[in-house]
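*Asks:* So the chains spell out like this:
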Amino acid sequence: MFVRNAEPWMDGSSLGEHLEETGVSRRSFLEFCTEMAVILGLGSAAAPSVAKALESQARPTVIWLEMQECTGCVESTLRTEAPTIGNLLLDVVSLDYSETLMAAAGHAAEKAKADAMAKNKGKYVLVVTGSVPTKEDGMYCTVAGRTIRQHLEEAAEGAAAIIALGACAHWGSVQAARPNPTGAVGVRDIIKNKPIVNIAGCPPIGDVVTATVVHFLTFGRLPAVDREGRPLFAYGNRIHDQCSRRAHFDAGQYVESFDDEGARKGWCLYEMGCKGPATYSPCPIVQWNQRTNWPIGAGHPCIGCTEPYFWDTMAPFYNRLPNVSGFGVEHRIDTIGASLAVGAAAGVAAHATMTVMHQIRRRKAHQTPDSGSTSGEERNNG
Amino acid sequence: MTPATESRPRREIPWFEARVPRVHGDFTWVYLWGAPLRVMHWVSVFSIITLVVTGLYIGQPYFMAGGEASSHFLMGRFRFAHFLAAAIIVMAAIVRVYWLFVGNVYERWPALFPVTPRNLRNVWLVLKSYFTMRLEKQPHFVGHNPLAQLAYTTIYFVTAAMIVTGFSMYGQAAPGGFFDTIFGWLPPLVGGLQRVRLIHHTLLWVYPMFVLIHVYLAIRADSVEHAGGVSSILTGGRFVSSHDTFEDFNIHDQPSEPWKSKHH
Ligand code: HEM
Ligand code: SF4
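Chains as they are written, first to last, in the numbering used here: chain A, 1 to 382; chain B, 1 to 264.
Just chain A, with the same shape it has in the complex:
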């Protein structure tokens, strides 16, 4: 579904009316609804209900705050297939404030945001990308003369729900990686009293964002989430359990370097440090850039970017297990373990030799006809 940007969605008109005005065919709208229903795990049979719910929607307000971030999430979400998120959020949903996407700047932009928030208090959706710096009173990230934390607290106040978009917004991502110089934290560490959904990933897949918004519009609430606050429809399964290379994992066929025979044959990337076995994400199914491909599909091991604090917890990206520091050089745990086991074997051998020598010496010292037998006294002495 392609929606031209030329016709902005006006307050007061429903989505159905708006689509008609823009000349979107009924067919492509239904296609879009079917796709969303499938991604949401509702099944294609639910498409008419989704369509019905979406059609009658009045224009909702979305405020998009960009905090301490790289804009990668916006870039990624703009690459939703149909409609592109630019379309969905700019035209279908309409974005009242987004630093990257809006045309307004300076005081006008700030005023637009304040107006939208005041007018739709308690109803608007707040999308947040980026982390909040907490050190030095948050002076590492300021917009319009105020810290981003103040902006966030103010915008969250009147929000109906918050979509924390990307690893930064929930866990602080790379900024929060050790040693975390700015004291970066996620939205949930600041805002405690609003429903927050965690669209995890660095960046997340655009379609997942779209589907979450569609869910919100269709059902009036955020989708069901897992332990980490991620929507279950998208993050309910491990990459490893949906992976196209899984047959090679089970067969015992592994890539050992990026240019070997196994790599050419598309074998499993387990030994290259793939974090698929510890990562929940819809990448293998939904894929990226209009379903073109995804990292493991392209031959790169998963780095686990949808998992908590992945820069610290999933490192090193090209080793299966975390490094064990504190042994001078960083060693694989197997090297350490095997050395200890060899050490134990050597210790046992040395001790056994000494015991035998000791016994021989003792027997020689006790050279009596009875020696070597197990008389009570002999046993008692050892």
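If you're looking for bench data, these hints aren't it; they were derived computationally from the structure.
Just so you know, not all the hints are guaranteed correct.
[Claimed, not checked] Non-contacting residues of chain B with respect to chain A, defined by C-beta distances greater than 10 Å in every case (computed):
{"id": "1", "residue": "His24"}
{"id": "2", "residue": "Ala35"}
{"id": "3", "residue": "Trp42"}
{"id": "4", "residue": "Phe46"}
{"id": "5", "residue": "Ile49"}
{"id": "6", "residue": "Leu100"}
{"id": "7", "residue": "Val102"}
{"id": "8", "residue": "Asn104"}
{"id": "9", "residue": "Val123"}
{"id": "10", "residue": "Thr154"}
{"id": "11", "residue": "Ile163"}
{"id": "12", "residue": "Phe179"}
{"id": "13", "residue": "Leu189"}
[Said to hold, decoys possible] Straight-line alpha carbon distances no greater than 25 Å define the calculated DSS-like cross-link-like pairs of lysine-lysine that follow:
{"id": "14", "chain 1": "A", "residue 1": "Lys194", "chain 2": "A", "residue 2": "Lys265"}
{"id": "15", "chain 1": "B", "residue 1": "Lys128", "chain 2": "A", "residue 2": "Lys265"}
{"id": "16", "chain 1": "A", "residue 1": "Lys192", "chain 2": "A", "residue 2": "Lys135"}
{"id": "17", "chain 1": "A", "residue 1": "Lys192", "chain 2": "A", "residue 2": "Lys119"}
{"id": "18", "chain 1": "A", "residue 1": "Lys52", "chain 2": "A", "residue 2": "Lys135"}
{"id": "19", "chain 1": "B", "residue 1": "Lys128", "chain 2": "A", "residue 2": "Lys364"}
Only a predicted model underlies this, so the values are computations on that prediction, with no experimental measurement involved.
Ideal Cβ positions, reconstructed from N, Cα and C, are used throughout, including at glycine.
Given the coordinates of chain A, assemble chain B with the ligands onto it according to the supplied hints.
*Replies:* Here is chain B with the ligands on its own, set in the frame of chain A:
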């Protein structure tokens, strides 16, 4: 290990062994390990060997299958064996935990923690005699010496950690499922799934070291002290001489003809 020998309850002898004569001249047969404990021991031996061998392959697949994926199931088989042995060791663990409460005085849970001052002194004496080879200075025990007991207690806890970390990883394939619900609290506690994996992998190396030292010391004790401990894990007990004195046992507590006495 029990500290005081005076107020020990009479040792229980199961009916199927109660008829065997226990006193041969100066020697009395002392029943130490109940059948469930011995079965548990050997079941654990086989599952731990399986778990270590298959675990090492899962951690580092050191050989591979060529050809088409459809004609191989190498890792699949290793993982299957790992999970099967895991299920078996869990059963053994359940039996052992039950036996901690109904077993005899050498098997009950207080025996796992020889931490009285006297026991700790004995730990030191045993250690000293291991290092100095002064066997005559070594205190004697019918059951385990407290140092050995501490090692076994450690292995119990390590195995418990393997089970918890193992099932926490196992549960990842089915979020919200049985194992994930029971063991899902672990990854956030230790700092992520990778940390769980690392702990599971690291603790593997405890087993080779433990087995080496454990088997060595058991054989050494038998050949140097002629104590009969090795066969006790098969037969359940050992003979002790009335001339010997033990830290954890008093021969005069034993009924002289236990097979005639009412057992239990
Ligand atoms: C003596 C006990 C055990 C040893 C020595 C052992 C050893 C190992 C090792 C070395 C690994 C590879 C870890 C890695 O590098 O990723 C592993 C993986 C694993 N172990 Fe164990 N393990 C033991 C018990 C258990 C138990 C009781 C379970 C319970 C189910 C279990 C479940 C697993 C699972 C699920 C994996 C990950 C395999 C995969 O899905 O790829 N392990 N084990
Ligand atoms: S490539 Fe990664 S996710 Fe895919 S099967 Fe191998 S280890 Fe699992």
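*Asks:* Does each hint hold? Answer for all of them.
*Replies:* Going down the list of hints, with the structure as the test:
1. His24: holds, 13 Å
2. Ala35: Its Cβ never comes within 10 Å of chain A, the nearest being 28 Å, so this holds.
3. Trp42: holds, 22 Å
4. Phe46: At about 20 Å from chain A, Phe46(B) clears the 10 Å cut-off, so the statement holds.
5. Ile49: Fine: 14 Å to the nearest Cβ keeps Ile49(B) off the interface.
6. Leu100: holds, 28 Å
7. Val102: Nearest chain A Cβ is 33 Å from Val102(B), so the label holds.
8. Asn104: holds, 24 Å
9. Val123: holds, 17 Å
10. Thr154: Holds, since 14 Å exceeds 10 Å.
11. Ile163: For Ile163(B), whose nearest Cβ neighbour in chain A is about 19 Å away, the distance exceeds 10 Å, so it holds.
12. Phe179: holds, 13 Å
13. Leu189: Since the minimum Cβ distance to chain A is about 12 Å, Leu189(B) lies beyond 10 Å and the statement holds.
14. Lys194(A) with Lys265(A): Violated, at about 48 Å.
15. Lys128(B) with Lys265(A): Status violated; Cα separation ~60 Å.
16. Lys192(A) with Lys135(A): holds, 20 Å
17. Lys192(A) with Lys119(A): holds, 23 Å
18. Lys52(A) with Lys135(A): Roughly 48 Å between the alpha carbons, so the hint for Lys52(A) and Lys135(A) is violated.
19. Lys128(B) with Lys364(A): holds, 24 Å
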